[in-house]
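Protein sequence lines correspond, in order, to chains A and B. Its first residue numbered 85, the first sequence is counted upward by one per residue in the working numbering. Its first residue numbered 35, the second sequence is counted upward by one per residue in the working numbering.
Hints in this document: simulated from the structure, not taken from any laboratory. Since this is a predicted model, take the numbers as computed values, not measurements. Please note that the accuracy of each hint is not assured.
[Said to hold, decoys possible] Interface residues of chain A toward chain B, partial, derived using beta-carbon atoms under 7 Å:
1. Q88
2. I92
3. N108
4. I110
5. N122
6. K123
7. V127
8. V130
9. V269
10. F270
11. G321
12. N358
13. L359
14. Y362
15. L363
[Claimed, not checked] Covered stretches of chain B (in silico footprint by chain A; criterion: 3 or more residues with CB under 8 Å from a CB of chain A, positions within the stretch not fixed):
16. 98 to 105
17. 145 to 152
18. 373 to 386
Built from N, CA and C at the ideal position, the CB exists for glycine as well.
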Amino acid sequence: MKGQMWPINGASKAKRIQWGAPQNQISWAYMKMLREGNKTLKVYDVNPYVEVYQFYDNLYGLFNQNCDGAGDVWMWLIIGPQKAMLIDTAFGLGDMKGLVDRITGGMPLIVANTHIGPDHVLGNCRFDTVYCHEYDYEAIRDRCKPGAWDYLFDRDGKNIWLDFDRRDLPVYKDYQLIPVKDGHVFNLGGDYNVELVWTAGHTPGHSMFLDKKSRYLFAGDDVCSDVTGCGPGPSPGRPNGQHANLTTYRDCLKRLIARMDEFDYLFPGHFMVNLENYLLLNLYEALNEIIADPNSYDYKVVQTAGDGTKRERMHKFVKGFGTIAYTANGVYPPKI
Amino acid sequence: MKNQNREDTYMSTNRRHFFQNVGAGLAGLGLSTAIPSAGTALSTAAAPVKETKRAADSFPYPVGPGRSKQMWPIKSELKSRRIKFDTPQNQISWAYMKELREHNKTKKIYPINPYVEVYQFRDTVFGLFTENCDGMGDVWMWLINGPERAMLIDTAYGLGDIKGLVDQLTGGKPILVANTHEHYDHAYGNCRFDRVYCHEYLAPYLQAQHEHMWDYLFDDFGDNIWLEFDRNDLPKFRKYEIVGVKDGYKFDLGGGHEVELMFTGGHSAGHAAYLDKENRILFTGDNICSDVSGCGSVNVPRPGPHGENTLLKVYRENVKRQIDRMDEFDYLFPCHFMVNIENNLLPNILEALDEILANPEAYDYKIERWAKGATEPTVRYFKFIKGFSVIGYTYRKA
Chain A
85 MKGQMWPING ASKAKRIQWG APQNQISWAY MKMLREGNKT LKVYDVNPYV EVYQFYDNLY
145 GLFNQNCDGA GDVWMWLIIG PQKAMLIDTA FGLGDMKGLV DRITGGMPLI VANTHIGPDH
205 VLGNCRFDTV YCHEYDYEAI RDRCKPGAWD YLFDRDGKNI WLDFDRRDLP VYKDYQLIPV
265 KDGHVFNLGG DYNVELVWTA GHTPGHSMFL DKKSRYLFAG DDVCSDVTGC GPGPSPGRPN
325 GQHANLTTYR DCLKRLIARM DEFDYLFPGH FMVNLENYLL LNLYEALNEI IADPNSYDYK
385 VVQTAGDGTK RERMHKFVKG FGTIAYTANG VYPPKI
Chain B
35 MKNQNREDTY MSTNRRHFFQ NVGAGLAGLG LSTAIPSAGT ALSTAAAPVK ETKRAADSFP
95 YPVGPGRSKQ MWPIKSELKS RRIKFDTPQN QISWAYMKEL REHNKTKKIY PINPYVEVYQ
155 FRDTVFGLFT ENCDGMGDVW MWLINGPERA MLIDTAYGLG DIKGLVDQLT GGKPILVANT
215 HEHYDHAYGN CRFDRVYCHE YLAPYLQAQH EHMWDYLFDD FGDNIWLEFD RNDLPKFRKY
275 EIVGVKDGYK FDLGGGHEVE LMFTGGHSAG HAAYLDKENR ILFTGDNICS DVSGCGSVNV
335 PRPGPHGENT LLKVYRENVK RQIDRMDEFD YLFPCHFMVN IENNLLPNIL EALDEILANP
395 EAYDYKIERW AKGATEPTVR YFKFIKGFSV IGYTYRKA
């Protein structure tokens, strides 16, 4: 049959109803290979929505189906000597806290967000304290709140994109959201440090997390094997929008590339993971080409967002990877 | 399909050309010297730049202690050990193979052939993965275990007892062996079998095989150049029967299980894909590759019999034929790197081919190589395929 994104034989309790934008071949083929064949896969009774993969001795990838129509999501769980660290919280579907405790054996836990995306922060309220970069603080505060999950259901209360039991979503409760600055270090015990590295781009306060001990870089949504949307431009009414552009991301990436001897593998928030660090050079090259000439894109797509608004996005190929997508006002910082 | 106009294409092409050459550019150098910032006049881009990008220029960056620049070792229990590769492979291919080889639950290595990792992709489809004996990409052979007969597509270098391994996997069923094309890493194991099928245009190439064809894998000291393995585990060359068949030839695996040869040309003059109608899989050979799809030249055909079939326009027509039959298969299985890819990749490939044929200058980037003593470089052009990787092609300007 002609078609694409045919069902993957996954182990999660949730079942896909429909997708938003199609995902590319490399991402889908990778996830099919991983989800159908990985021997470390476990699904725990405490949270049947999450497929747990063990990539290294102390690193677990918690795979969640996206509750809306965008790409499925990774949360990352690092086991340190005395504390564990969870990067992102997805939609909070199922007992996230219980699952993490089950895997870590109840270790003290640090939770942090890479950025504002609902598929990365709506599970925050399952935890007591969550850290994020200061530029995304207000938007995350404003996103994870009562009613945040309503858009996943139609007027009849039926699930729109993903079939799951609505009662398994979190009931919102207040939690402490703590804004931190670029370079903030989280200590997981002994000399095990994880540094927040501000990268901007996808959202104003988008940050990666550099596990200096194990040499992983958790890249969030600023690296994606489908579409790296790192040049959205300012969102109306949202603070710090001047940072959500390609140029700011490029400048941050340049600093990160200068530190490439501090990490080996990249773990993004979607699709392909365990990528070698030299991919950053290719991203950097493509970013520079766009910044030098925003008309040097390879193709354009008119995209309909979750709320029905349309926007035109330019796509530029990244050698050896997916594409970078940007809008007309997402290339340069706004003129002051 | 293309959402931009031609003018945009030229712009992007020129831009990339500039970076590719100055290049090092970027990648190059970026850190210290800089790339022209947004405000910089683009007139510099228009000036012809002679400086050539070399792959080695891309890495003035620090790498971790004990690390090579890229393509870090994937955990392997194979008897072979990589010494070096000739060219870097792309990120998606390496990351895919790392995940597959390190974590796949179906992977097995049989004592009868310690050079091959066996993966089971369907009840009756096995992928036989073996490291490339030279510096190119590692290789898949495909084994279809039909009801009465099995079929092996490609034979790699023949390292280790391929025949014995296949017999063990199939329980000793009669085996039909066929090639996608004649290249070293796909057909040098043929002589481990009594008879091999191929497209008729391929037959003369296979007939040229001889006992010294593996010699290039060793230097004059007798040491392995690219891959460490026991030379005694290579086949002893012997003549075997070569059966050339026509496009559309059907292999009967019994019980109604048919596999059809579909001529493609492109990567080589007699290149063929194989359509497993039962499993709804198209085995695409080397025309589709998640690193670089080398599927023909715009106007520089390869020398040799039927060489005109290595033109991109020939491959383009055959991709179109495959697309017209997409209701007969779901997944694509190439012979290198990423596999089990949905068939909707084919229209993206066709789109890229049509763009190249309409304007070979609309490449996305090019790589120049200077051979020892060369007075001019060889140039290869690259065009992105949406959602995948690139087509690499040559072309001679009028």
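Q) Should the hint that I92 (chain A) touches chain B count as held when the rule is a Cβ pair under 7 Å? A) This hint is violated: I92 (chain A) lies away from chain B, its Cβ roughly 11 Å from the closest one there, beyond 7 Å.
Q: Would you settle whether the hint for L363 (chain A) is holds or violated, based on the nearest Cβ-Cβ distance to chain B being less than 7 Å?
A: holds, 5 Å
**Q.** Outcome, coverage of the stretch 145 to 152 of chain B by chain A - at least 3 residues whose beta-carbon is closer than 8 Å to one in that chain
**A.** Result for this restraint: violated, n = 0.
Q | Q88 (chain A) as chain B interface residue, shortest Cβ-Cβ below 7 Å | A | Check passed: Cβ of Q88 (chain A) comes within 4 Å of chain B, closer than 7 Å.
Q | Residues of the stretch 98 to 105 of chain B with Cβ under 8 Å from chain A, three needed, outcome | A | holds (count 6)
Q) Is the interface hint for N108 (chain A) satisfied, with its Cβ closer than 7 Å to some Cβ of chain B? A) holds, 3 Å
Q) Hey, does the K123 (chain A) contact hint survive, CB to chain B under 7 Å? A) holds, 4 Å
Q) Can the hint on V269 (chain A) be confirmed by a CB-to-CB distance to chain B that is less than 7 Å? A) Hint on V269 (chain A): violated, closest Cβ of chain B at ~20 Å, above 7 Å.
**Q.** Status of the V130 (chain A) interface restraint (C-beta, 7 Å, chain B)
**A.** Nearest chain B Cβ about 23 Å off; hint violated.
Q) Per the CB criterion, is N122 (chain A) less than 7 Å away from chain B? A) holds, 5 Å
Q | Status of the Y362 (chain A) interface restraint (C-beta, 7 Å, chain B) | A | holds, 5 Å
Q.
Does I110 (chain A) hold up as a contact with chain B if the rule is Cβ-Cβ below 7 Å?
A. Given a least distance of 5 Å, the restraint on I110 (chain A) holds.
In summary, the structure is inconsistent with hints 2, 7, 8, 9, 10, 11 and 17 from the numbered list given earlier, while agreeing with the others.
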